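Chemist: Sequence:
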Amino acid sequence: MGGAVPGVGIDLLEIERLERALERTPRLAERLFTEAERAYAASRGRPGQHLAARFCAKEAVAKALDLSSWNFHEVEVVGTGGPPAIRLSGAAAARAAELGVTISVSLTHTGRDAGAVAIAG
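Counting from 1, one number per residue, gives the positions in the sequence shown under the numbering used here.
In short, the hints are calculated from the structure, not lab data.
Here the structure is a predicted model, which is why all the values come from computation and not from measurement.
Where a beta carbon is used, it is the ideal one built from N, C-alpha and C, also for glycine.
Just to be clear, a hint being listed does not mean it is correct.
To be verified - Distance windows between CB atoms, simulated:
#	residue 1	residue 2	range
1	Ala94	Glu23	10 to 20 Å
2	Ser69	Thr25	18 to 28 Å
3	Ala97	Arg24	35 to 45 Å
Using the sequences plus the hints, can you model the full thing?
Modeler: Written out as C-alpha cells, the structure reads:
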C-alpha cells in the first residue's frame with residue numbers, strides 16, 4: 001500500500017477553512033458530500049463542523065485504502081445516532097473488496113478543528 005502504514009488513514013482540517021471554501025463556492029458541498037451527509041450537517045448547530053469531520057473521514061478512508069483515483073461520493077459517512085459507519089461505492093468499494101477489508105472510522109471535532117481516523121482491516 002504505497003509505503004504508508006497499511007490500512008490506516010488520518011486527516012485533520014481547520015473547520016473555518018472548509019466553511020470559507022463553502023461560502024466562496026456553494027456548489028462545492030454538492031461535489032464533496034452526499035445529500036444525506038448535507039442534510040445531517042444542516043440539522044446540527046454548526047453545519048460546517050460536521051461537514052469538516054465528514055471531509056476528514058473521506059480523506060482518511062482514501063488514505064487507508066491507498067486510493068489513487070476516487071470520487072468523494074464513493075465514501076459516505078452514514079448513521080445519525082451512535083458510532084459513524086462508512087458506506088463505500090465505486091472505486092472505493094472495489095479497492096476494499098480487492099484488499100478484503102472493511103472500514104472502521106472515528107470522527108472528532110472541536111470548535112476549531114475536525115479530524116478522523118480510518119482503519120481498513
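Chemist: All hints, please: hold or fail.
Modeler: So, going through the hints one by one against the coordinates:
For the hinted restraint 10 to 20 Å between alanine 94 and glutamate 23, the CB-CB distance of approximately 34 Å leaves it violated. At roughly 22 Å, the beta carbons of serine 69 and threonine 25 sit within the given window of 18 to 28 Å. With their beta carbons about 37 Å apart, alanine 97 and arginine 24 fall inside the hinted range of 35 to 45 Å.
Hint compliance for this structure: hint 1 is the single one not met.
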